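Engineer: For reference, the chains in residue letters:
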Amino acid sequence: MGIRMKKLLIYLKDYKKECILGPLFKLLEAGFDLIVPLVMAMIIDRGIAAGNTPFIWQMGLVLLLLAVIGLTCSITAQYFAAKAAVGFAAKLRHGVFAHIETLSFREMDEIGASTLLTRLTSDINQVQAGTNMALRLFLRSPFIVLGAGILAFTIDVKMALVFVVVIPLLALVIFGIMLVTMPMYKKVQSFLDQLLGTTRQNLSGVRVIRAFNKEASQIARFGEENDRLTRMQLFVGKISALLNPVTYIMINGALVALIWTGAVRIHLGDLSQGQIIALINYMSQVLIELVKLANTIILTTKCVACGNRIQSLLEVEGSIKQESGEKPTGSRDFADRRGDGEGAEVEFQDVSLTYQEGGEPALEHICFTAARGQIIGVIGGTGAGKSSLVHLIPRFYDATEGSVKINGRDVKSLAVDELRQRIGIVMQRAVLFQGTIRENMRWGKGDATEEEILQALELAQASEFVFQKEEGLDYQIEQGGRNLSGGQRQRLTIARALVRRPEILILDDSASALDFATDARLRKALQNLPYRPTVFIVSQRTSSIQHADQILVLDDGELVGIGTHQELLKRCQVYQEIYGSQYKEEEE
Amino acid sequence: MTQGKELQDQYGQKQTLGKVLRYIRKYLVLVIFSLILAVVTVASTLYLPVLTGDAVDLMVGKGNVDFSGVWVLGRKMIIVLAVTGISQWLMNICNNHITYRVVQDIRRDVMERLQILPLKYLDSHPSGDIVSRVIADVDQFADGLLLGFTQAFTGAMMILGTLFFMLGINVWITLVVVLITPLSFFVASFIARRTYAMFQLQSRTRGEQTAFLEEMVENQRVVQAYGHEKEALEKFDEMNRRLEKYSLRATFFSSTTNPATRFVNNLVYAGVGLTGAFFALRGHLTVGMLSAFLNYANQYTKPFNEISGVVTELQNAIACAARVFALMETEPQIPDKEDAARLQNVQGNVELKRVAFSYVPDRKLITDFTLSVKPGQRVAIVGPTGCGKTTVINLLMRFYDVDQGVIAVDGRDIRDITRESLRGNIGMVLQETWLKEGTVRENITMGRPDASEEEMIAAAKASHAHSFIRRLPHGYDTVIKEDGDNLSQGQKQLLCIARVMLCQPPMLILDEATSSIDTRTERKIQEAFSELMRGRTSFIVAHRLSTIKNADIILVMKDGNIIEQGNHRQLLEQKGFYYTLYNSQFA
Numbered sequence: 001m002g003i004r005m006k007k008l009l010i011y012l013k014d015y016k017k018e019c020i021l022g023p024l025f026k027l028l029e030a031g032f033d034l035i036v037p038l039v040m041a042m043i044i045d046r047g048i049a050a051g052n053t054p055f056i057w058q059m060g061l062v063l064l065l066l067a068v069i070g071l072t073c074s075i076t077a078q079y080f081a082a083k084a085a086v087g088f089a090a091k092l093r094h095g096v097f098a099h100i101e102t103l104s105f106r107e108m109d110e111i112g113a114s115t116l117l118t119r120l121t122s123d124i125n126q127v128q129a130g131t132n133m134a135l136r137l138f139l140r141s142p143f144i145v146l147g148a149g150i151l152a153f154t155i156d157v158k159m160a161l162v163f164v165v166v167i168p169l170l171a172l173v174i175f176g177i178m179l180v181t182m183p184m185y186k187k188v189q190s191f192l193d194q195l196l197g198t199t200r201q202n203l204s205g206v207r208v209i210r211a212f213n214k215e216a217s218q219i220a221r222f223g224e225e226n227d228r229l230t231r232m233q234l235f236v237g238k239i240s241a242l243l244n245p246v247t248y249i250m251i252n253g254a255l256v257a258l259i260w261t262g263a264v265r266i267h268l269g270d271l272s273q274g275q276i277i278a279l280i281n282y283m284s285q286v287l288i289e290l291v292k293l294a295n296t297i298i299l300t301t302k303c304v305a306c307g308n309r310i311q312s313l314l315e316v317e318g319s320i321k322q323e324s325g326e327k328p329t330g331s332r333d334f335a336d337r338r339g340d341g342e343g344a345e346v347e348f349q350d351v352s353l354t355y356q357e358g359g360e361p362a363l364e365h366i367c368f369t370a371a372r373g374q375i376i377g378v379i380g381g382t383g384a385g386k387s388s389l390v391h392l393i394p395r396f397y398d399a400t401e402g403s404v405k406i407n408g409r410d411v412k413s414l415a416v417d418e419l420r421q422r423i424g425i426v427m428q429r430a431v432l433f434q435g436t437i438r439e440n441m442r443w444g445k446g447d448a449t450e451e452e453i454l455q456a457l458e459l460a461q462a463s464e465f466v467f468q469k470e471e472g473l474d475y476q477i478e479q480g481g482r483n484l485s486g487g488q489r490q491r492l493t494i495a496r497a498l499v500r501r502p503e504i505l506i507l508d509d510s511a512s513a514l515d516f517a518t519d520a521r522l523r524k525a526l527q528n529l530p531y532r533p534t535v536f537i538v539s540q541r542t543s544s545i546q547h548a549d550q551i552l553v554l555d556d557g558e559l560v561g562i563g564t565h566q567e568l569l570k571r572c573q574v575y576q577e578i579y580g581s582q583y584k585e586e587e588e
Numbered sequence: 001m002t003q004g005k006e007l008q009d010q011y012g013q014k015q016t017l018g019k020v021l022r023y024i025r026k027y028l029v030l031v032i033f034s035l036i037l038a039v040v041t042v043a044s045t046l047y048l049p050v051l052t053g054d055a056v057d058l059m060v061g062k063g064n065v066d067f068s069g070v071w072v073l074g075r076k077m078i079i080v081l082a083v084t085g086i087s088q089w090l091m092n093i094c095n096n097h098i099t100y101r102v103v104q105d106i107r108r109d110v111m112e113r114l115q116i117l118p119l120k121y122l123d124s125h126p127s128g129d130i131v132s133r134v135i136a137d138v139d140q141f142a143d144g145l146l147l148g149f150t151q152a153f154t155g156a157m158m159i160l161g162t163l164f165f166m167l168g169i170n171v172w173i174t175l176v177v178v179l180i181t182p183l184s185f186f187v188a189s190f191i192a193r194r195t196y197a198m199f200q201l202q203s204r205t206r207g208e209q210t211a212f213l214e215e216m217v218e219n220q221r222v223v224q225a226y227g228h229e230k231e232a233l234e235k236f237d238e239m240n241r242r243l244e245k246y247s248l249r250a251t252f253f254s255s256t257t258n259p260a261t262r263f264v265n266n267l268v269y270a271g272v273g274l275t276g277a278f279f280a281l282r283g284h285l286t287v288g289m290l291s292a293f294l295n296y297a298n299q300y301t302k303p304f305n306e307i308s309g310v311v312t313e314l315q316n317a318i319a320c321a322a323r324v325f326a327l328m329e330t331e332p333q334i335p336d337k338e339d340a341a342r343l344q345n346v347q348g349n350v351e352l353k354r355v356a357f358s359y360v361p362d363r364k365l366i367t368d369f370t371l372s373v374k375p376g377q378r379v380a381i382v383g384p385t386g387c388g389k390t391t392v393i394n395l396l397m398r399f400y401d402v403d404q405g406v407i408a409v410d411g412r413d414i415r416d417i418t419r420e421s422l423r424g425n426i427g428m429v430l431q432e433t434w435l436k437e438g439t440v441r442e443n444i445t446m447g448r449p450d451a452s453e454e455e456m457i458a459a460a461k462a463s464h465a466h467s468f469i470r471r472l473p474h475g476y477d478t479v480i481k482e483d484g485d486n487l488s489q490g491q492k493q494l495l496c497i498a499r500v501m502l503c504q505p506p507m508l509i510l511d512e513a514t515s516s517i518d519t520r521t522e523r524k525i526q527e528a529f530s531e532l533m534r535g536r537t538s539f540i541v542a543h544r545l546s547t548i549k550n551a552d553i554i555l556v557m558k559d560g561n562i563i564e565q566g567n568h569r570q571l572l573e574q575k576g577f578y579y580t581l582y583n584s585q586f587a
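Residue numbers (my numbering), protein chains in the order written: chain H, 1 to 588; chain W, 1 to 587.
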């Protein structure tokens with residue numbers, strides 16, 4: 001059935017005890033259930049037939065006792081099953097989330113956030129429900145079916161043959177239907193995923209949708225996907241709905257067979273009335289349990305489908321790997337110099353980057369060296385590869401060819417977390433997290449003091465608006481920073497990067513939402529930092545990078561110019577164009 | 001957030017159930033059909049034990065078997081069980097239809113409601129939580145409803161039918177059954193009541209965790225850049241532990257229902273066995289009848305178990321439904337007035353009269369804002385970041401309504417015209433680019449789906465998007481993924497501009513739109529925009545000096561208020577805040 005949930009089962013390891021005890025108690029309960037028809041047969045054959053009243057009382061007491069023991073066993077079993085299933089799901093959720101955190105940008109580009117979220121939420125919930133059910137019923141039901149068959153043999157071998165024929169036939173039908181419906185349920189789930197994606201999009205784009213009066217078309221699109229989902233559900237439902245009636249007919253057909261052969265056996269004196277009643281009773285127990293088993297299988301199928309999807313996510317390995325053997329900790333090349341503030345040297349040696357195999361390269365043969373403490377401007381048109389270039393430094397992506405070196409060491413030989421700790425990066429999209437401003441600032445440096453935070457806010461031109469807020473640093477930022485303006489968010493993300501006093505500071509077009517005055521003040525502040533990190537400023541504007549020590553001019557992934565503003569104005573045509581357009585504009 | 005929670009708590013189970021029933025009413029025909037099938041199924045199911053019992057009575061012992069009688073009964077049994085099987089199958093299909101159609105309707109209604117919820121609500125509620133209501137909660141609800149239909153429905157029928165058949169055989173034994181069975185019901189409903197709260201707690205914690213996950217997973221890049229994985233995991237684990245705790249409680253307590261009711265079952269079985277045996281001793285009951293009775297005892301209690309099992313399932317389903325309905329019944333935005341006019345032949349006269357507005361009542365933002373814009377004028381809004389520039393856009397587009405004062409277009413209060421026609425007359429390019437999942441073509445023609453290929457390409461060319469679009473793998477048919485991850489920020493912006501370019505609206509709102517586009521392209525866009533803005537009233541949240549200088553009116557904003565108003569020269573002469581701003585850029 002394509003169960004490949006090996007990686008998942010590891011998370012069940014801690015619940016071995018529960019996984020054994022749960023089904024065990026279930027089996028005990030089932031065992032007692034199986035005795036009941038025998039007791040009843042005895043009441044009929046030995047009690048009623050012989051007119052033995054005390055015997056009937058005794059047997060009645062036995063029935064009561066069996067009920068009490070059954071209750072105790074099954075409640076115990078439920079507890080263990082619930083504990084194992086819920087614990088398993090919690091551990092799995094932890095495992096999957098931890099795994100997602102190890103994925104690099106490349107994998108995340110590929111998988112997409114909404115898929116990751118489905119795996120983490122509804123898929124795992126399904127796995128939990130399935131596990132709980134499976135632990136309770138997967139052993140119990142076959143056990144009762146088999147037990148009933150075996151007990152039937154002890155009553156009468158010839159009659160038991162009916163069981164021997166019917167049970168495998170039933171199993172065949174049940175599994176046949178399972179096999180047919182399983183891939184369909186997968187489809188249902190993928191349709192549901194699409195619906196989820198549409199809903200999310202609708203929320204994230206609500207302003208644009210309303211501005212373009214597209215509410216109706218959104219509803220229509222959702223309606224279409226919703227309809228497709230429903231139709232698929234109904235289709236699968238039609239097939240699944242066969243299960244119960246078919247099994248019912250088979251079992252009761254067997255009952256008729258029992259009665260026919262029973263008539264012959266009783267006529268010959270090989271069987272008593274009580275015994276045939278016990279056999280009929282077993283047959284109906286088999287039916288009940290098989291129906292339960294079928295439902296269990298449906299749920300388990302869903303669970304396995306979800307499990308497999310989680311498994312394949314767990315199998316995706318982060319492509320950013322630390323090369324083994326070299327421990328960068330304490331190495332002098334990239335020594336701990338928190339505080340003294342000297343930047344690191346960054347060198348690109350013939351670096352090329354291709355995002356997708358066979359795709360167009362985003363960067364081609366980039367060579368340059370940024371000396372310690374230099375300010376490097378990166379400029380170029382849309383899609384020229386500016387972001388790609390700076391993303392290679394903290395190893396968001398690894399270069400396809402060539403090497404990126406920091407203080408002479410290939411970044412691939414450095415531990416990712418160590419490396420990133422020394423880099424402050426401010427991305428294009430200003431992302432803040434739910435929590436106070438202080439908490440957000442401490443993303444940069446976990447143990448940042450009040451003073452360090454204040455200084456960073458000051459440098460990022462953020463302290464004014466922060467302290468206009470009544471709560472100051474304790475101001476609560478909502479999800480996605482919705483209660484701040486774009487510019488405020490950007491300044492906070494810059495402050496967040498500055499808090500850690502990075503050796504390399506990367507500003508990836510991160511002043512775009514700032515008004516010109518704030519932008520100018522910020523630039524000035526960055527030039528006068530109390531320490532000297534190596535700074536990369538990615539920008540569209542020459543004014544932002546004019547004073548850089550070196551300016552890299554990118555065009556279509558190639559480095560077409562390198563030098564200072566003055567030098568580039570003389571030699572680099574692309575730079576001249578960019579500067580020209582801006583210069584003229586400002587003179588208008 | 002809190003508002004939603006309160007609403008959800010106030011929600012009684014019964015109320016929720018009533019709302020669900022209202023949805024089901026639409027499928028009344030199917031429900032009736034399903035009911036009839038249930039009666040048939042139950043009757044034929046119950047008839048079978050009688051036939052079996054009769055057959056057993058025909059085979060008393062050695063040499064005392066009525067073969068021809070057994071033969072007839074056997075044939076009858078086969079017919080009966082064929083009828084049962086078929087009607088059961090049809091009933092299942094009916095139930096599937098009812099459930100999935102109802103769920104489809106609910107989802108559609110939620111989606112429709114989402115479109116008219118005020119932005120105030122959407123801006124202040126985590127979207128993960130809302131998504132989880134539309135998808136996960138509705139899904140859970142479907143599972144519960146289906147179970148409810150297939151089992152509760154036939155269950156009730158089964159109980160009545162069995163009672164009827166049992167009374168026909170022996171009143172006293174029936175009495176034993178009737179007296180013991182309700183126990184199971186009480187036990188079950190007791191457990192169900194206790195678990196409802198647990199399920200709600202679980203559901204809420206789950207929502208909280210989903211919201212957190214959404215934030216972290218979507219921004220995983222930042223999480224990694226700051227090496228924040230460990231902290232995120234710790235916070236996640238804390239929620240996870242809570243969820244585990246609540247989940248275990250909810251799961252375990254709800255799962256005690258089954259054993260408890262099965263216990264009552266066994267009591268009934270023992271009771272029937274005993275009393276039946278004594279009646280048989282006295283010759284008031286045949287063994288075959290006793291066997292039928294034992295069978296009924298099972299069948300009579302089974303629905304009780306199932307109903308109670310279903311009730312616990314339903315608890316969960318209703319807790320989910322309550323969350324969905326709470327969302328659905330969130331106060332929508334004030335609807336357009338009934339006599340709201342359609343804005344036509346817009347001149348572009350925009351007036352703001354003594355407007356006051358704030359997001360949170362106790363935090364004043366815009367107070368007493370007045371502005372008059374003549375057709376075709378360009379208004380540049382400048383000022384320090386966070387001074388309320390985007391708020392003006394929220395108000396002009398009527399994403400939010402003003403608290404006091406009036407905004408008027410061509411002399412009409414915008415609250416007196418339809419939102420659709422207002423927004424249709426304003427072209428907007430936001431700072432945060434948003435593209436829908438679909439092809440480039442679909443995105444550009446979003447505002448005018450009927451545009452011809454030539455018009456679309458012309459718009460793309462005018463916004464300098466044509467050349468990069470052509471280079472995409474499938475040109476205009478390239479599919480943009482969710483969140484437009486396969487395009488650069490600048491490219492996305494170009495598409496957003498092309499989208500407006502195609503519409504040619506009489507008024508424009510441009511929110512720092514050109515900030516992420518390189519200067520070369522930006523310049524060209526600027527020219528295209530100038531073209532577009534000619535004769536059109538435009539509001540520009542501006543950073544670029546050229547835009548500002550060319551504006552007819554410059555609004556200098558600070559702390560939510562216009563502190564200065566005038567053109568570039570006038571403002572410089574005032575030597576006020578603008579003067580300082582201007583000099584900080586070029587000094």
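The set of hints was computed from the structure by calculation and includes no laboratory data.
Small disclaimer: the values here were computed from a predicted structure and weren't measured.
Treat each hint with caution, since some may be false.
[Unchecked claim] Computed list of chain W residues with no C-beta within reach of chain H, every gap over 12 Å: (1) I78; (2) M157; (3) V429.
[Unchecked claim] Here are the in silico distance ranges between beta carbons for each label pair: (4) H:E577 <-> W:R242: 32 to 40 Å; (5) W:D450 <-> H:L179: 23 to 31 Å; (6) H:E342 <-> W:T367: 28 to 36 Å; (7) H:E315 <-> W:R342: 53 to 61 Å; (8) H:K469 <-> W:K575: 39 to 47 Å; (9) W:G535 <-> H:E577: 27 to 35 Å.
[Unchecked claim] Quick look at which bits of chain W chain H covers, simulated, 3 or more residues with Cβ under 8 Å: (10) 118-130; (11) 198-205; (12) 224-231; (13) 315-324.
We put the beta carbon where it would ideally sit given N, CA and C, even for glycine.
Engineer: Against chain H, does V429 of chain W keep a CB gap of more than 12 Å to every residue?
Structural biologist: It is violated; V429 of chain W is separated from chain H by about 9 Å at its closest Cβ, not greater than 12 Å.
Engineer: Confirm or reject the claim that D450 of chain W and L179 of chain H have a C-beta distance inside 23 to 31 Å.
Structural biologist: violated, 48 Å
Engineer: So I78 of chain W supposedly isn't at the interface. Is its beta-carbon more than 12 Å from every beta-carbon in chain H?
Structural biologist: Contrary to the label, I78 of chain W does not stay out of reach of chain H, its closest Cβ about 6 Å off (not over 12 Å).
Engineer: Would you say the segment 118-130 of chain W counts as covered by chain H, given the rule of at least 3 residues with C-beta under 8 Å?
Structural biologist: With 8 residues close enough to chain H, the hint holds.
Engineer: So does G535 of chain W sit 27 to 35 Å from E577 of chain H, Cβ to Cβ?
Structural biologist: holds, 31 Å
Engineer: Using the beta carbons of E342 of chain H and T367 of chain W, state whether their distance is inside 28 to 36 Å or not.
Structural biologist: Given range 28 to 36 Å: violated, Cβ gap about 50 Å.
Engineer: Test coverage of the segment 198-205 of chain W by chain H using CB-CB distances below 8 Å; three residues minimum.
Structural biologist: violated (count 0)
Engineer: For M157 of chain W, is the shortest CB-to-CB distance to chain H above 12 Å, so the non-interface label stands?
Structural biologist: holds, 15 Å
Engineer: For the range 32 to 40 Å, tell me whether the beta carbons of E577 of chain H and R242 of chain W fit it or not.
Structural biologist: For E577 of chain H and R242 of chain W the Cβ distance comes to about 58 Å; the hint is violated.
Engineer: Taking beta carbons only, do three or more residues of the segment 224-231 of chain W come closer than 8 Å to chain H?
Structural biologist: holds (count 7)
Engineer: Starting from the hint 53 to 61 Å, judge whether the C-beta atoms of E315 of chain H and R342 of chain W obey it.
Structural biologist: holds, 56 Å
Engineer: Quick check: do three or more residues in the segment 315-324 of chain W have a beta carbon closer than 8 Å to a beta carbon of chain H?
Structural biologist: violated (count 0)
Checked against the numbered hints listed earlier, the structure breaks hints 1, 3, 4, 5, 6, 8, 11 and 13; every other hint is satisfied.
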